[in-house]
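Asks: Dock chain one against chain two, each of which comes alone in its own frame, and use the hints as you go.
Here the protein sequences line up with chains B and L, keeping their order. Going by my numbering, the first residue of the first sequence is number 1, and it counts up by one from there. Going by my numbering, the first residue of the second sequence is number 1, and it counts up by one from there.
No wet-lab data here; the hints were simulated from the structure. Predicted model, so just to flag it, every value in this text is computed and none were measured. Do not take every clue at face value.
Not everything, but these chain B residues come out facing chain L in the computed CB check (under 7 Å) [stated by the list, open to error]:
#, residue
1, 54
2, 82
3, 86
4, 87
5, 88
6, 92
7, 101
8, 105
9, 279
With beta-carbon atoms standing in for the labels, derived distance ranges [said to hold, decoys possible]:
#, chain 1, residue 1, chain 2, residue 2, range
10, L, 224, B, 107, 25 to 35 Å
11, B, 86, L, 17, 26 to 36 Å
12, L, 197, B, 131, 51 to 61 Å
The calculated DSS-like cross-link candidates involving lysine-lysine, where the alpha carbons are at most 25 Å apart (straight line), are [as the list claims (entries may be wrong)]:
#, chain 1, residue 1, chain 2, residue 2
13, L, 6, B, 130
14, B, 74, L, 6
15, L, 274, B, 56
No residue lacks a Cβ here, since even glycine has one placed at the ideal position from N, Cα and C.
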Amino acid sequence: MEDNVITVRGLVKRYQDLIAVDGVDLDVRSGEIFSILGPNGAGKTTTVEILECIRKATEGEVTILGHDLRTGGKEIRRQIGVLPQEFNAFDLLTVRENIAFFAGMYDRQADVDELISLVDLEHKRDTYFKNLSGGLKQRVGIAIAMVNDPRIVFLDEPTTGLDPGARREVWEVIRGLRAKGRTIILTTHYMEEAEVLSDRLAIMNQGKFIALGSPSEVVAQHGGGRTCVIRGGGEAAMRSLHDMGPERDGDDVSVRIVHKEDLVSIVTALNRDGVEYEEVMLKRPTLEDVFLKLTGKSIEGGEISG
Amino acid sequence: MANRVKMVFSGLAKQFFRSPGSVFWTIAFPVMLILIFGAIFSGTGVSKYDLYVQDLDDSLVSGIYIDGLEATGVLNIHEVPVNEDVDAFIERNSVVNLLIIPAGFGQALTSGSEIEVTLRQDSTAGSSRAVLAAVNAVTQQANNEVTGGREVITVRSGSIVSEDLSFIDFFLPGTIGLMVMMIAVQSIVGYQTRFRNNGIFRKLATTPMNNAEWLSGMMLWMLVMVAISVAAIMVTGMLMYDVRMSLDLMAIAMIVVATGLFTAIGMIISQFVKDEEVAGTAAGAITFPMMFLSGSFFPLESMPEYLQAFAQVLPLTYVNNGLRDAMVYGNASGAMDNLLIVLVMAVAFIVVTVAISGWKKE
Ligand SMILES: Nc1ncnc2c1ncn2[C@@H]1O[C@H](COP(=O)(O)OP(=O)(O)O)[C@@H](O)[C@H]1O
Ligand SMILES: [Mg+2]
Chain B
1 MEDNVITVRG LVKRYQDLIA VDGVDLDVRS GEIFSILGPN GAGKTTTVEI LECIRKATEG
61 EVTILGHDLR TGGKEIRRQI GVLPQEFNAF DLLTVRENIA FFAGMYDRQA DVDELISLVD
121 LEHKRDTYFK NLSGGLKQRV GIAIAMVNDP RIVFLDEPTT GLDPGARREV WEVIRGLRAK
181 GRTIILTTHY MEEAEVLSDR LAIMNQGKFI ALGSPSEVVA QHGGGRTCVI RGGGEAAMRS
241 LHDMGPERDG DDVSVRIVHK EDLVSIVTAL NRDGVEYEEV MLKRPTLEDV FLKLTGKSIE
301 GGEISG
Chain L
1 MANRVKMVFS GLAKQFFRSP GSVFWTIAFP VMLILIFGAI FSGTGVSKYD LYVQDLDDSL
61 VSGIYIDGLE ATGVLNIHEV PVNEDVDAFI ERNSVVNLLI IPAGFGQALT SGSEIEVTLR
121 QDSTAGSSRA VLAAVNAVTQ QANNEVTGGR EVITVRSGSI VSEDLSFIDF FLPGTIGLMV
181 MMIAVQSIVG YQTRFRNNGI FRKLATTPMN NAEWLSGMML WMLVMVAISV AAIMVTGMLM
241 YDVRMSLDLM AIAMIVVATG LFTAIGMIIS QFVKDEEVAG TAAGAITFPM MFLSGSFFPL
301 ESMPEYLQAF AQVLPLTYVN NGLRDAMVYG NASGAMDNLL IVLVMAVAFI VVTVAISGWK
361 KE
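Looking at chain L on its own, in the form it has when it is part of the complex (with noise of 0.2 Å):
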């Protein structure tokens, strides 16, 4: 039994190996990922940010502060009326940037007692830099010129999402469930249908080996090719964005039991599709819409609502938010419950596999 595992288990490694295809996809491809999506949304060009501002104070003060916030030339200022409930206005019109003026603003200022501006941001964003960098200056300008440099404006920063986050932050747990997915879903479907049509499955259908066997050794080299994706996910994060993450228990649970997962729908794909090409075709269906609509680029929150809705069907949209529940947020109790429900979806795949994979039979 453990010899046969192992032989399948090294077969595959050995082959692997010999095949840079595999190793670029494997490795070079998530690298790739993470490098362009961290240079499209860090970079900090010369393009304008949005910055919503609720003047609660309406006062001139006030009045001069937006101005110098606008004269900064790298934020578009929008007003948002003073009677709007922050939190629903957000919501509604997916905002990323929100300064809050409290009332009393130009009154403390004239007086010189201490004064807070609320700035909320989500973190996710690329912007989210850029915009803090803003205000900033043009708090410290203001505080200058009232008072001499004593700080009696001081800017709280609030999160939208969470606090003292990056993009890339976001990013590398969702390339990590992608990069699950993908190298599940493709590399099962991909050896299933070409080991089928080589008469290679009839072959060991011959041999005493069974189907538990076959899938032992299939899902623990899966676990490698993506503990070597993760691996360079992880090294990548840390040189190039200095990203000080780590995997805990709970995110090593979560990508094992998500290799199991999508493991198991390869095997499904391929029991119903047999023609290597098509094959390629279905899974590239099927992990296609899950890539995009899962979360791994973009939030869930900043899609349309039947969007939102589609994307708690799909299992990588789990995968995500728990591995962000445990690598970002530090967020245990939501981590477990992301990994129960993989966890549940992973044996039902797997049940169903057992039953309906038959390489044994004709």
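Looking at chain B on its own, in the form it has when it is part of the complex (with noise of 0.2 Å):
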């Protein structure tokens, strides 16, 4: 068996003259979180629907677990599992019963007690799922997703809409999963999320991988470097490192480091100059950097908007 436990290539969702998923190329290695970063629309839903055996590609070449997706559809059901996008489960049944519904829809099950204690839910066995909130529903979710003991499992923005505490218990319930050997595909538009849980990631807009590999890659890649900022160095700055290419940004003046040399060029010229300001820092360049620049959108508080 090799390493990669799915392998798309050239892969095309066309819905009349939209193209949702316009050609995309993606390895999965076993035993990864494997993040696709996108805002609404850009087509991670389709993409992960594919792959999950309930939409048809137009075009492309995929192969999960060494099964062809247009032969093998129902081996790979057997050993994929599914959290969709915005699931509820039934509300009048309790989180144990729910579970076992979805367990007994499959001849191979994992053991609903152990699925319980995996998304750290023994308190809640005998709620009933409307009586949940939304970071407990998430979680029984994530343990429906692993009802017939996947080797794949898929997360379909298993995060949107939680507060920042009940996410980080979710990052924690799908870093078990990777730490119990299953493979993650997650979907998510927090920049967060895909940084700080993510083995690799996918930056995915307008159907289109724009963006490949592990954060600290990506980054590196695409983030253009690092950069100084002189705070509140305002007009005076300005002209003083116009030789640099200056950008401002209100009282702040960046520039960018393409050299060493260049801070101390800087600092130089800021001294020569007898500019006023209050403190020179060193910036690297984020997953939102990234993203901003690859993508022209805006972020508002690391979710990325329209």
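Replies: Shown next, in the form of structure tokens:
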């Protein structure tokens, strides 16, 4: 068995004249958390639902666990677990009953009580689903995704709408799955989630993967290097540094560091011209910067808007 | 396979019993219907009832007899011309109570020989018992006056619809038909749209379960809900109105087939209307006309011609007719005919359902 559990080549999905997925190539390695990060409408759900065998691709080759998607659907379904986007289990069944219900759909079933402790819900075992908080509901959803003891788990926006605390708890559960050797494919539109949780990630926009790799690789490749920020430098700093292509953001001025010596030149120039400023700092680019740069989209509170 | 159907069934069952609204709807609603309609139609209030009289004797004596009827104060007497064909007259005027005084009535009375008046009634109408009682009382009085108690005049009661039936006998099977439709259509539409919007269908699509298993589990559960409702209806009828009807094999077959039919209709509605609230309205728009136009509450015969014609295309009409044939009239061949019609409709709708209900597809 090779290392890649999923390989995708040239995946395309068209709806009439809309291209929802536009030539995606992807390899997912065994045991990793792979995130697809992108705004609403980027094509994340369409992509994962094709891999889950519930939508048909227009074009492209997909192999999952050695089975061709077109012919091995039945076998693939047995070995994958899915948490659909905006999933709500049965309101008037308890946590345990809900998990048992979905387990009953499979011939090979994981132990329901073990799943309950996997998502840390022992204390809510007999609570109706409708009475759970958002974060706990998502944890039930993750347990339900695990009922057939799958090798690959698809989680479509598992933390959307949760408060930061609940989100972190879900992350812990997801890390727990990885620790048990599962491969996880996750979609999200939270920067931080993709950055701290994924082993590797892809940034998706308008049906295309526009960046792919580990979080640090993606940042290194697309972040545009480090920048020096002169806080409170204002117009004086702009004039003093105008040879180095400064950019202004309010009273702050930033300059890209291309060579190591650039930092020295900046400080020298500022001193020479007697520019007053609050402080000089060196900034590493984040995934957020990469995203802004690649898509031109705005970000509010770590969440991609629009 | 069997396990998945069982899971669907028991999952729905558990949720049902935890939802007071559903239980109320299934049990209390039909019980209230029977009690309310029963009270309205079996009540013998002070209101007057229409009695049509065809006086073929047209003598002084028959005139006195008719005056006696009028004097009871509960009857509005309408004369029917002597040359009218009674059957045509009944049909044309939706007559529910008609008394025929035969020629020779006065003669017989004066000579003391026995004679028979005929009272034809639609026994399903609420007024039938009161009218019969009034006619009997007046006749008894006439007998007393003329002969000192010997029964000279006897009242032969003939029915327009059927014999010895009260409104409740008519109404009970109608309520069963109505509830089969309401339960199946409303619940299926509710379940389908809710589960679709909650992502449960998308989740199930990734499991080995298929459409047929889902549909089977749903249908089984519908049968149980219907059975609960039918039991509530029958028990209410027996306790409150002393109804002595039984569910024979034919009636049970009709209930089962009708449940399949309306389950399929619910599936089809929910396939086209995705929004939960809109779907509820759509279900109402389809069940509401059937509720009133398929003879659940009122006999089809009492409706205008064009509505009667419309009723012929409504599935519930055949369910109601079949149930009455089986439960009330003991008309086995009529019940069989209606059952076959409903069966054909059920098969057709189920085939359409299986063909179009693509919760597996996108
Ligand atoms: N069934 C469908 N029919 C037509 N268009 C669709 C359908 N599903 C998704 N789309 C379109 O495809 C694009 C990608 O959608 P989606 O995969 O849901 O994005 P994401 O999950 O990243 O928010 C969107 O523009 C969406 O409107
Ligand atoms: Mg999505």
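Asks: Determine for every hint whether it applies to the structure shown.
Replies: Now for the hints, and whether the structure bears them out:
{"no.": "1", "hint": "54", "in the structure": "5 Å, holds"}
{"no.": "2", "hint": "82", "in the structure": "4 Å, holds"}
{"no.": "3", "hint": "86", "in the structure": "6 Å, holds"}
{"no.": "4", "hint": "87", "in the structure": "4 Å, holds"}
{"no.": "5", "hint": "88", "in the structure": "4 Å, holds"}
{"no.": "6", "hint": "92", "in the structure": "4 Å, holds"}
{"no.": "7", "hint": "101", "in the structure": "5 Å, holds"}
{"no.": "8", "hint": "105", "in the structure": "4 Å, holds"}
{"no.": "9", "hint": "279", "in the structure": "49 Å, violated"}
{"no.": "10", "hint": "L/224 x B/107: 25 to 35 Å", "in the structure": "26 Å, holds"}
{"no.": "11", "hint": "B/86 x L/17: 26 to 36 Å", "in the structure": "27 Å, holds"}
{"no.": "12", "hint": "L/197 x B/131: 51 to 61 Å", "in the structure": "19 Å, violated"}
{"no.": "13", "hint": "L/6 x B/130", "in the structure": "23 Å, holds"}
{"no.": "14", "hint": "B/74 x L/6", "in the structure": "22 Å, holds"}
{"no.": "15", "hint": "L/274 x B/56", "in the structure": "22 Å, holds"}
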